[in-house]
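Asker: Based on these hints, arrange chains B, C and D on the given structure of chain A.
Number of protein chains: 4
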Amino acid sequence: MLTFAQFGAGRIGAIHAANLAAAGNATLRYVVDVNTTAARALADQYGARVTNLGTALGDPEVDAVIIASSTDTHADLAIAAARAGKAIFCEKPIDLSLKRVDACIAAVKKARVPMFVGFNRRFDPSFAALHRRIGAGDIGAVEQVVVTSRDPGLPPLSYLKVSGGQFRDMTIHDFDMARWLLGEEPAEIFAYGSCLVDPAVAKVGDTDSVMIVMKTATGKLAHINNSRRAAYGYDQRIEVHGAKGRLLAGNQTPTTVELADANAVSADKPLHFFLERYAAAYRIELATFVDAVVNQRPLPVTVEDGRQAIVLAEAAAKSLRTGRSVKL
Amino acid sequence: MLTFAQFGAGRIGAIHAANLAAAGNATLRYVVDVNTTAARALADQYGARVTNLGTALGDPEVDAVIIASSTDTHADLAIAAARAGKAIFCEKPIDLSLKRVDACIAAVKKARVPMFVGFNRRFDPSFAALHRRIGAGDIGAVEQVVVTSRDPGLPPLSYLKVSGGQFRDMTIHDFDMARWLLGEEPAEIFAYGSCLVDPAVAKVGDTDSVMIVMKTATGKLAHINNSRRAAYGYDQRIEVHGAKGRLLAGNQTPTTVELADANAVSADKPLHFFLERYAAAYRIELATFVDAVVNQRPLPVTVEDGRQAIVLAEAAAKSLRTGRSVKL
Amino acid sequence: MLTFAQFGAGRIGAIHAANLAAAGNATLRYVVDVNTTAARALADQYGARVTNLGTALGDPEVDAVIIASSTDTHADLAIAAARAGKAIFCEKPIDLSLKRVDACIAAVKKARVPMFVGFNRRFDPSFAALHRRIGAGDIGAVEQVVVTSRDPGLPPLSYLKVSGGQFRDMTIHDFDMARWLLGEEPAEIFAYGSCLVDPAVAKVGDTDSVMIVMKTATGKLAHINNSRRAAYGYDQRIEVHGAKGRLLAGNQTPTTVELADANAVSADKPLHFFLERYAAAYRIELATFVDAVVNQRPLPVTVEDGRQAIVLAEAAAKSLRTGRSVKL
Amino acid sequence: MLTFAQFGAGRIGAIHAANLAAAGNATLRYVVDVNTTAARALADQYGARVTNLGTALGDPEVDAVIIASSTDTHADLAIAAARAGKAIFCEKPIDLSLKRVDACIAAVKKARVPMFVGFNRRFDPSFAALHRRIGAGDIGAVEQVVVTSRDPGLPPLSYLKVSGGQFRDMTIHDFDMARWLLGEEPAEIFAYGSCLVDPAVAKVGDTDSVMIVMKTATGKLAHINNSRRAAYGYDQRIEVHGAKGRLLAGNQTPTTVELADANAVSADKPLHFFLERYAAAYRIELATFVDAVVNQRPLPVTVEDGRQAIVLAEAAAKSLRTGRSVKL
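Note that the protein sequences, when read in sequence, are chains A, B, C and D. Residue numbering for the first sequence is 1 to 328, as defined by the numbering used here. Residue numbering for the second sequence is 1 to 328, as defined by the numbering used here. Residue numbering for the third sequence is 1 to 328, as defined by the numbering used here. Residue numbering for the fourth sequence is 1 to 328, as defined by the numbering used here.
So that you can see chain A by itself, here it is in the shape it has in the complex (with noise of 0.2 Å):
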């Protein structure tokens, strides 16, 4: 039984708060939010007391923490989580800024604790059966990779400035699709972006609708398209092309039901957004990490794993600025 302190009430530590009661091997002691309502009303559903960071950190009996908080502290906590001897499981990213990245990520191996980031997509069913397949042979020597990961809508004007970003907010977890079906680190990263939904995301220094293109250093290729809204929902489909063939992994859809009459055959369109589609993936997330500490097993998502995706998002805008492919 792993005990708990959870960082964050709000839309997404509810998901990672309602997974771990699930989860039958961990229990949730604290909860830690600036929004003590928030806290409040999360901590009352799953039988646990708010606190502070410092009674959490402190308490010994606390084995492991969840950063579910605002992107600007996922860094401190994980610090201050390591120092206290913590297992971590940090929400991505783990900074905007790689200078803080790599000061949390040495904090992190000083104290030898586990530190696991937040990229749920490797646990979706359909994904992780792309990567698993690849690694049986399914196709051959992976060549190219194609990730289609496009939001239903463009959030917040106000989000978009503190979000660091398209690449670094929304691309991240592409990139790190795309470097773990590939099997290799890109070695070199070319994008071009826009602003197709709404010219008010210029205005805030970001854009809305990106495509990249990253190579390895044995000339392996991947293929990125990002939009900030998909009128239909969240698509978010990759292709894996190999020596032998090619997998897919399509959209997910409410139900299975085709209506066919004097118009077209329709079908559902895909669930509407992260909350519905990773909704599997969240759960089999926080339970692989609770086994993985349980059983001290290594974790299969790392810090480094954090770390690349920032160094291509950091890669994929400059090469936005200069319309250079930018070398790794």
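Incorrect hints may appear among the rest.
Stated by the list, open to error - Simulated pairs of lysine-lysine, PhoX-like, Cα-Cα distance not exceeding 25 Å:
| id | chain 1 | residue 1 | chain 2 | residue 2 |
| --- | --- | --- | --- | --- |
| 1 | C | K109 | C | K99 |
| 2 | D | K318 | A | K327 |
| 3 | C | K99 | C | K244 |
| 4 | D | K327 | A | K327 |
| 5 | B | K244 | C | K203 |
| 6 | B | K99 | B | K244 |
| 7 | B | K318 | C | K327 |
| 8 | A | K99 | A | K109 |
No lab work stands behind these hints: they were computed from the structure. In this text, all values refer to a predicted model and were calculated from it rather than measured experimentally.
Answerer: Frame of chain A; chains B, C and D shown alone:
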């Protein structure tokens, strides 16, 4: 908060107990099973107590019962629960004998307790969408229903011997689907049946492969095809044809992954069997029962639904014997 | 080079004439039709001459005839062609009366000429693949066949009056598909029928919606569902279930385009009707006939096949009247 | 009736000659090819004569030419045909050198003859539907285009040596699709390329695997991925993302048959290569050309389209060399 006693701690009982625990507005107080080991395990997992029928029904704080024991006990337990004034959630079928079904219904009506029969497929998100969209007029007036329902593999002969026959044991769900989607009672039924999977099935007086057609008073038509063995898994599909179009609900798969290689383009087989395919249906079904009882709303599946499915099963068996259409 | 006379210059005649022209090893010498305008137009298009029955059959250079005239003339024309020693390609049905079918078969056998009945669906690439793959053992022994066959819209009542009824006119193709894919003759048949599309159909003594079940001597089962109206086009699908798996052949669409928008994910309706859906089948069918005659190989569809479909249609009609399974 | 001379009697020439014969309003008078055996065979099949360039272009009854000879002869033949006042149907590319393309265009403009460049994919029913439906507003303003275009297998190295490189030989079609569907010229282009299929390709100075991104002046984005080898056949898919939704055009298959067995649910591979996949496109393309010339309507594909694709291919090659975005 609805307090439950549950009869039956087997495979289906375990599902109901888990869904009860997750429902949020229900609690399991007692587990009753002749297999005390199973009862103990289930009770321990959900903080319930193992007890006997008398104690469970005698406890005035018990509001409702779940009957998930062997089929031959359903009617007696339901009658006892009705007399004790408990709301009843009963697995299908109420009984294999129409006479006992009627006795049970009489007891329930006399006691004025709500009784729900576990036609879980009505709560499958895809089949439920069929029903909802028919009601919304998506395909105009319903004309024909085609139900494909095929199990992954033959159960043991020992099970078949006490199952009441393929119509009562397996087709019963499909009878309910057909009635529900036709929106009208079948007025006639005809059936062919064979032993194509295993000749041993004939020796216990049963079939393993059947095709049924039904007709309502206004001429609407329905077809059901069943097999006890589908090599590729659990094949559960429904088509509804109407004046303005057609609705289909297809199978569900573990992932959306598709492999294209030198041989073919291949995708996942359907989910293996009812526990996987109808996991959501079982959850929604129980939550619906709890909500209906708590809020004193009518139950969406009634004892009359349970009775009518048995009536159709008996008529199908008669048609099979006589080679004639049986009027209902 | 096979020289043809063709009887009938209507819609289906035009298709056969065009396919003959494209076949490469056949030529159309004569067109015979009571509608001389239609005959003239078709003859001009393909460099043929308009003539009468006597001249066409009297010409020793005519090797073969295509009978694509109205149904009531098929048998007489086939008998005359047989006596003249011509190879015969005859549209289905041979005749609506089994007695006249038998007279025709007798004449053909006596003349020892090859006679082919136009069950074009056997040459549809998808349905042909079902048959070939059953033969290759892809699904083991066949157990159940489900034929869905629904027309886009009701023909004029004037047509229905002379059509011989839905079983002889429409289901006849599905009877042939079922027999062909079962690999065994149906030994029993049962049918329900209704007028759901238009009550006027009942006034001419016909049905517009039918469901049929059949059983072979070894217990294999088949189901056919028909409607004279599918709002979304021509619905032509077949499922074959076997001991090791299932083969499906689905509808065909004009394009592969899929639209995802705020409402749904929608694709093309099926090809509208038989001229579009079975264009390839008609082409391959005629080429197969020509090749078989030229190379003196056995015909893949025989007069016995034509007869047996009529036998099933008559038995279905009898079952509809009597409410009983009809033995064959 | 349009009278044609055709240059080139190879694989693609055979297709055009067959489509001409079936068009109904065109006739093939001459075939010219240095391979006189091939010329003879083709001419015989369609009742044409084998001749030389001078005779073909000197015949005043020849209205139009089809240029389907080797790429290096396209420009010279087009210039000669233009001077002789013939309408020109020219296979892509006009030439591998932009300078010679421009000389050809100048000659055509001077002669005021219509010249069509064989971008057959614009006539593929599915891709044509994308274009038509974008125009109809089905997805609002276009934002991103993703072109997947992968050949079944590597051509011989001898071919690659004279092909002009992957961009000019293979991607050229995809450049045309991207321009056509974006509805706006790319203003910038970036490309990565590798030899992943066969290292021998690098030795002849070419790539076999490329990924390209492009951006228009208003910020619309396009991606193309190419491989010279897709183990499962010819992978030709296009996605267009717009403000209101997404259109996809998928692969086409020989049949709609689907097998479900103990391993998987599997369907046909895509049609093998361009002759199969684009059979309808070739037919419609030529008919469109003939109709436009006969009725003096503007051609739907122009020499400027042919030129612009070469411009993009040259810019992609430059980007590949320099690692920079190339402005157009």
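Asker: Of all the hints numbered above, which does this structure not satisfy? Sort the numbers upward.
Answerer: 3, 6
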